[in-house]
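4 protein chains.
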Amino acid sequence: MTTELRIAVLGVGMMGADHVARITSTITGARVAVVNDYVSEKAHELAATIPGCRVVEDPLDAIADPEVDAVVLATPGPTHEKQLLACLEHGKPVMCEKPLTTDVATSLAVVEAEAALGKKLIQVGFMRRFDTEYDQLKALIDSGELGRPLVVHCAHRNPAVPPHFDSAMIVRDSLVHEVDVTRFLLDEEITSVQIISPSANPSAPQGLRDPQIAIFTTESGRHVDAEVFVTTGVAYEVRTEVVAEHGSAMIGLDVGLVRKSAPGTWGGTITPGFVQRFGQAYDTEIQRWVDAVKAGAETGNYVDGPGAWDGYAAAAVCEAGAKSLESGAPVAVEMVQRSSIAGA
Amino acid sequence: MTTELRIAVLGVGMMGADHVARITSTITGARVAVVNDYVSEKAHELAATIPGCRVVEDPLDAIADPEVDAVVLATPGPTHEKQLLACLEHGKPVMCEKPLTTDVATSLAVVEAEAALGKKLIQVGFMRRFDTEYDQLKALIDSGELGRPLVVHCAHRNPAVPPHFDSAMIVRDSLVHEVDVTRFLLDEEITSVQIISPSANPSAPQGLRDPQIAIFTTESGRHVDAEVFVTTGVAYEVRTEVVAEHGSAMIGLDVGLVRKSAPGTWGGTITPGFVQRFGQAYDTEIQRWVDAVKAGAETGNYVDGPGAWDGYAAAAVCEAGAKSLESGAPVAVEMVQRSSIAGA
Amino acid sequence: MTTELRIAVLGVGMMGADHVARITSTITGARVAVVNDYVSEKAHELAATIPGCRVVEDPLDAIADPEVDAVVLATPGPTHEKQLLACLEHGKPVMCEKPLTTDVATSLAVVEAEAALGKKLIQVGFMRRFDTEYDQLKALIDSGELGRPLVVHCAHRNPAVPPHFDSAMIVRDSLVHEVDVTRFLLDEEITSVQIISPSANPSAPQGLRDPQIAIFTTESGRHVDAEVFVTTGVAYEVRTEVVAEHGSAMIGLDVGLVRKSAPGTWGGTITPGFVQRFGQAYDTEIQRWVDAVKAGAETGNYVDGPGAWDGYAAAAVCEAGAKSLESGAPVAVEMVQRSSIAGA
Amino acid sequence: MTTELRIAVLGVGMMGADHVARITSTITGARVAVVNDYVSEKAHELAATIPGCRVVEDPLDAIADPEVDAVVLATPGPTHEKQLLACLEHGKPVMCEKPLTTDVATSLAVVEAEAALGKKLIQVGFMRRFDTEYDQLKALIDSGELGRPLVVHCAHRNPAVPPHFDSAMIVRDSLVHEVDVTRFLLDEEITSVQIISPSANPSAPQGLRDPQIAIFTTESGRHVDAEVFVTTGVAYEVRTEVVAEHGSAMIGLDVGLVRKSAPGTWGGTITPGFVQRFGQAYDTEIQRWVDAVKAGAETGNYVDGPGAWDGYAAAAVCEAGAKSLESGAPVAVEMVQRSSIAGA
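Residue numbers (UniProt numbering), protein chains in the order written: chain A, 1 to 344; chain V, 1 to 344; chain W, 1 to 344; chain C, 1 to 344.
The following block holds chain A by itself, in its conformation from the complex:
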């Protein structure tokens, strides 16, 4: 498919609206063709800001729409089952924000329906699998260098949660990420769960069991513990440590992946070259330049970054540097005054 993927985003609350912005401004090869929301005005307001985007009032109609190639599901969990089955029915690939559905039986029904179809159409929004640090940790485990993973320690901390957040949501909405991280990193299923509710944070809302400690046992008997604490007042902290047969590795310490290995060293990896170190910078440079060029017709300024004067100044300094390289002595930089060139 060389043309742009036409996506319907169903549900444009915080998460859905964020996906709409992402697809429009960041993702290449796709565009938001349809939006839909339970609150119709919200959908209309958003559609008006996206070229070529229209509102379809019924989510099932949006899924069935022949001008829609794929679906992003950011609707409330209870509607997921019906909408996912509709996607399967119409053969539409769907990226479904967690949860898949709100209970085990309907989740299984969706798995079975997709399996019966013989095509994998459903992706679930466990985005940590796409995080650079989790990727590095998974790659390190898979490399075998650490040997068999034995224990995993997780911490998941939010500064605050909305007023309606209750103890069970800590399990279903927060801990669920640690569930997927465990399954992703260890490549096996969880067989037993224990939730410990210690004496609660006095700063948490009355009745909220926070923090909670979850203990998972996996098929092969590995131990995972996860602290979930959603009223820390500090910031958003996510940390995972894998303790393995020949060493351990931790992410989420604000310092990248830190590894401990025999014979007694700790540390990380330095980027091997400028492509790895500045890849993000190059992407941002070009994206912002493209955006500036598109906006430039109105302002006469087609640049969003260093301009010709900056190139000239660099040349003048390097010229002085090249002279000093010969003599070793300080060399004055010769430059015209910027103000001497009107418009520079």
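Worth flagging that the hints you see were computed from the coordinates, not collected in a lab.
It cannot be assumed that every hint is accurate.
[As the list claims (entries may be wrong)] Just so you have them, the derived chain A footprint on chain V, three or more residues with Cβ under 8 Å:
1) 22 to 33
2) 195 to 202
3) 205 to 216
4) 330 to 341
[Unchecked claim] In the BS3-like style, the derived pairs of lysine-lysine whose C-alpha atoms are separated by at most 25 Å in a straight line are:
5) C:42 x C:82
6) C:92 x C:82
7) V:138 x V:82
8) A:42 x A:82
9) C:119 x C:82
10) C:294 x C:323
11) C:119 x W:294
12) W:92 x W:82
13) W:82 x W:42
14) V:119 x A:294
15) W:294 x W:323
16) V:119 x V:82
17) A:119 x A:82
18) C:294 x W:119
19) C:294 x W:92
20) W:294 x C:92
21) W:119 x W:82
22) A:119 x V:119
[Claimed, not checked] Pairwise CB distance ranges, derived in the manner of DEER restraints:
23) V:168 x C:220: 51 to 61 Å
24) A:52 x V:57: 31 to 41 Å
25) W:49 x C:44: 33 to 43 Å
26) W:301 x V:219: 49 to 59 Å
Virtual Cβ for every residue (Gly too), placed ideally from N, Cα, C.
Assemble the complex: chain A is given as a structure, and chains V, W and C must be docked to it using the hints.
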């Protein structure tokens, strides 16, 4: 401009080809419409892989082409002057890889020509200004919290350089980034340069003055020193420390921006929320899903990430978790065997 | 007491011999007056190297000895009860390596005997309470800045253990330190313990349950978990994190105490002055100089550190520096050749 | 010499008084026998607090005193020459705070006088050579693992200086430490010095050239730069980075020695065992216990640390732990109430 920006990439060596891939796969709102290279076959090979991309044999023709909206210049430095002037003549925005031109006089001529035009069309590829860490450092300086910057220490280390790299290239190709970083961070011009060549690295090629120490003085008398060392054998390391009136801050220590402030603390900032922490993960998640969906017609697999089974497994674990939340005791996870569902 | 404390060290295996060396070479105000060991030759060999030290063959005689002011107990645990009671009987202060005694009933008997005496004579060798990092962590908790501690995570890792180490010793000899750390940091008793034995490290000796996860509940319902893993193959790692109402703090990350606080910062503390930064250096400097002076009569060299030449060289460089301070230009250092002064 | 070294401390200002306290409370095998100061009352006050310590009014008499074995010189620099020569004359080992003398000619005279004597009696107080981190850095260089050191970067920052501190004192009193560090780490002399005075810190006292940048060249042509900045307002920061042929290493980042090596790793070393990790804790434990025992006669409390109750509590928790090790289930800890034992 709501349609895609049509870009001509001139020069498709390592840097140019990298920009072609970037614009094609990562950048939204633009596409590579034209490629050109001194080695015509290289341009043709590359164009064949990009939908809607053609080769224009003469770079000046490519610049003049009415179906080209903007230009990326990745040609050898000596050709820049003529090509930049052509871009100005045709009113085409141009993103020019460093150097602007290869000497001071021609750089000034380009600045003057653009100034005379009254439109800013030229951007220079000093990509560090778009790096997250440099951005944070600049923002911290501009916030005024550190007071007046007094001294800047830079280190720029490469594991190795190609055989043709000579002592002057260390100044013109490597140190030039520290020149721009200095001007970017301090917002003033460099007035004097000294290059010190200490006893050379015995592991460096015979005759290469490596490492070199550059000392810059700025208009207001600030001191900048920069170690440039291109045969370290280690990795790619770029470090900048700003020492200011009320504290200091360093980037490039593999741990993000680290700041020292009164009354005697060191440290960094934690991401305030999941949007900041996992923004990259969300972008990657959706981009890879879009790519997978586009490729899916052939394979029957439209997902590149966690699927319906992963959603089901998470539901089953959370269900057990919700039960354990009540009892505090371990609860077995109830799941069907994956192998019992053909195709799951 | 202005004279030196005369200490009897009972048991001179690894730990006891280490204490003998410590008291002799490092501790001021005390000396080892008596040593004793089940293996008499070992005691005699050691005593011969310590000026004024003699062997007493029976540990109870050593305790009763009128020329002994205090006792260090490094004998096997099963002998502790009788020896501690003897210390109490003779009013001798005793520093007892862990365990106090080998079971709960005898430990209680010792507590009761000391209480009946009305004098606190017994100290137990939980040395972590004297570690700089644990001290900093305790001080931070006690300052109240973090609010109420809610959860504590501990990790205790050894690269390897001797062949006789069994699963219960992981509890009694390793975990016991986390028991004391918990009581020290939280200032309350532990009311419940759970030991989880996950799938064992394949590299551990057959039958050893390693790693183990301990879960403590305290009087006020706080949760503590501790991973004890004694066959990591890596190094000696001890880590403790306290998660509290208004922030968290961790020690044992090879980077000192790292603290997370609102509104989203992480970091540590810089030494406020040279006394704190170089206090250890000053102590070592003077101790090694004292030792060198004492040994100097034989060698004619009474220094163990920088000598007069180093002072001269520093003067010469600073002289050149003071001249350069005026001119800003490089100034050659003028020094005589060291070889021109015989004996310098 | 098995008896205590009798030391005369000349000059009991801040540094001298600190050494008196150190020798009295921390150093084993030595005591302060004599103190002397230009301000006689200060000496008398201090002597009154030290058992067996007396005042000698003339520093030369103190040096000559037959009951003095060695001298610590903490007098003003201008008196050093005469006092050092007196130490040499009487064959007294002397630990001389920097500077050796206040100018190059007299420093040389002292070197020559000691050389003529044929005995090394003079040590200079460059205490950084005894700092653990500098020791580790020196050991790493000497191991040859990093190859030839090529460049050294130093930073030396004070939060503030006394009002009389002038620009030359930054060279003679602060930079002098970097002079010695350079000579210590590189094992060669400095041949040239340049002091650069950039635009001064607006927060520094009027007229103080602060910060200053020093550049040293060594005999073999190596480059050292040192930022000295004494009015940072932050804290006491000392940092040294050695950039060598096969890697680099830095100390002073608040995280111990951090090393960068091929093929692209950064990190440090974990303590190999509990002796290294907790050596300081053991020393402190025993020293504080010795001090507490000596003070105990008056209070009836001979412990300064965990007591018998702590040993009992640990036994009770470990007993529960050993039971849980068998069952895997939580086990309640059985303990008597502490309040049930009067005096416990």
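Now for the hints, and whether the structure bears them out:
no. : hint                      : result
1   : 22 to 33                  : holds (count 9)
2   : 195 to 202                : holds (count 3)
3   : 205 to 216                : holds (count 5)
4   : 330 to 341                : holds (count 8)
5   : C:42 x C:82               : holds (22 Å)
6   : C:92 x C:82               : holds (14 Å)
7   : V:138 x V:82              : violated (34 Å)
8   : A:42 x A:82               : holds (22 Å)
9   : C:119 x C:82              : holds (18 Å)
10  : C:294 x C:323             : violated (41 Å)
11  : C:119 x W:294             : holds (14 Å)
12  : W:92 x W:82               : holds (14 Å)
13  : W:82 x W:42               : holds (22 Å)
14  : V:119 x A:294             : holds (14 Å)
15  : W:294 x W:323             : violated (41 Å)
16  : V:119 x V:82              : holds (18 Å)
17  : A:119 x A:82              : holds (18 Å)
18  : C:294 x W:119             : holds (14 Å)
19  : C:294 x W:92              : holds (12 Å)
20  : W:294 x C:92              : holds (12 Å)
21  : W:119 x W:82              : holds (18 Å)
22  : A:119 x V:119             : violated (53 Å)
23  : V:168 x C:220: 51 to 61 Å : violated (25 Å)
24  : A:52 x V:57: 31 to 41 Å   : holds (35 Å)
25  : W:49 x C:44: 33 to 43 Å   : holds (41 Å)
26  : W:301 x V:219: 49 to 59 Å : holds (55 Å)
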